[in-house]
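Trainee: With the hints as constraints, model all of the structure from the sequences given.
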Amino acid sequence: MKIIFEATIKENGIGGWYIQLKDSVDGRIENCNNLEEFSLTIEKMGEEYGGNIDGVEWKVDENVSPEHLMEVKNKMAKYHKELFDDSND
Numbered sequence: 777m778k779i780i781f782e783a784t785i786k787e788n789g790i791g792g793w794y795i796q797l798k799d800s801v802d803g804r805i806e807n808c809n810n811l812e813e814f815s816l817t818i819e820k821m822g823e824e825y826g827g828n829i830d831g832v833e834w835k836v837d838e839n840v841s842p843e844h845l846m847e848v849k850n851k852m853a854k855y856h857k858e859l860f861d862d863s864n865d
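Numbering-wise (the working numbering), the sequence shown opens with residue 777 and increments by one.
It should be emphasised that the hints constitute simulated quantities derived from the structure, not laboratory data.
Hints should not be assumed to be uniformly reliable.
DSSO-like cross-link-like pairs, simulated, lysine-lysine; straight-line CA separation at most 27 angstroms [stated by the list, open to error]:
hint, residue 1, residue 2
1, K786, K820
2, K820, K854
3, K835, K857
4, K786, K857
5, K778, K798
6, K786, K854
7, K778, K835
8, K851, K835
9, K851, K820
Mentor: Set out below in structure tokens:
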């Protein structure tokens with residue numbers, strides 16, 4: 777059985793965004809208001825499978841603004857760089 781999580785960028789209705797994280801195996805959904813929360817949540821959810829996640833499918837709701845999408849992408853790139861740089865210390 778493949779363990780795939782679905783991460784969907786959504787508008788929060790108050791001028792921002794959030795990431796809805798869905799476990800495709802059991803259907804559980806968690807909402808993450810920032811990338812730090814997303815990282816902790818995906819790690820916690822992955823623990824139930826021994827940390828063996830096969831992948832994350834990214835989606836974007838059709839009403840997400842281009843500005844919010846770019847903001848998420850930029851923050852993800854920065855967050856990834858910080859994690860990568862810290863792992864080399």
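Trainee: Work down the list of hints and note, for each, if the structure agrees.
Mentor: Against the structure, the hints:
1. Restraint check for K786 and K820: satisfied, since their Cα atoms lie roughly 21 angstroms apart, inside the 27 angstroms limit.
2. Between K820 and K854 the alpha-carbon distance is near 22 angstroms, which keeps this suggested pair within the 27 angstroms criterion.
3. Between K835 and K857 the CA atoms are separated by roughly 22 angstroms; this keeps the pair inside 27 angstroms, and the hint holds.
4. With a CA separation close to 24 angstroms, the supplied pair K786 and K857 stays within the 27 angstroms bound.
5. For a cut-off of 27 angstroms, the pair hint linking K778 to K798 stands: about 14 angstroms separates their Cα positions.
6. Distance hint between K786 and K854 is fulfilled; the C-alpha atoms sit about 20 angstroms from each other, no more than 27 angstroms.
7. A hinted pair counts as satisfied when its Cα atoms are at most 27 angstroms apart, and K778 with K835 qualifies at roughly 18 angstroms.
8. The hinted pair formed by K851 and K835 meets the criterion: a straight-line CA distance of about 16 angstroms does not exceed 27 angstroms.
9. The suggested pairing of K851 with K820 holds, with an alpha-carbon distance near 21 angstroms, which does not exceed 27 angstroms.
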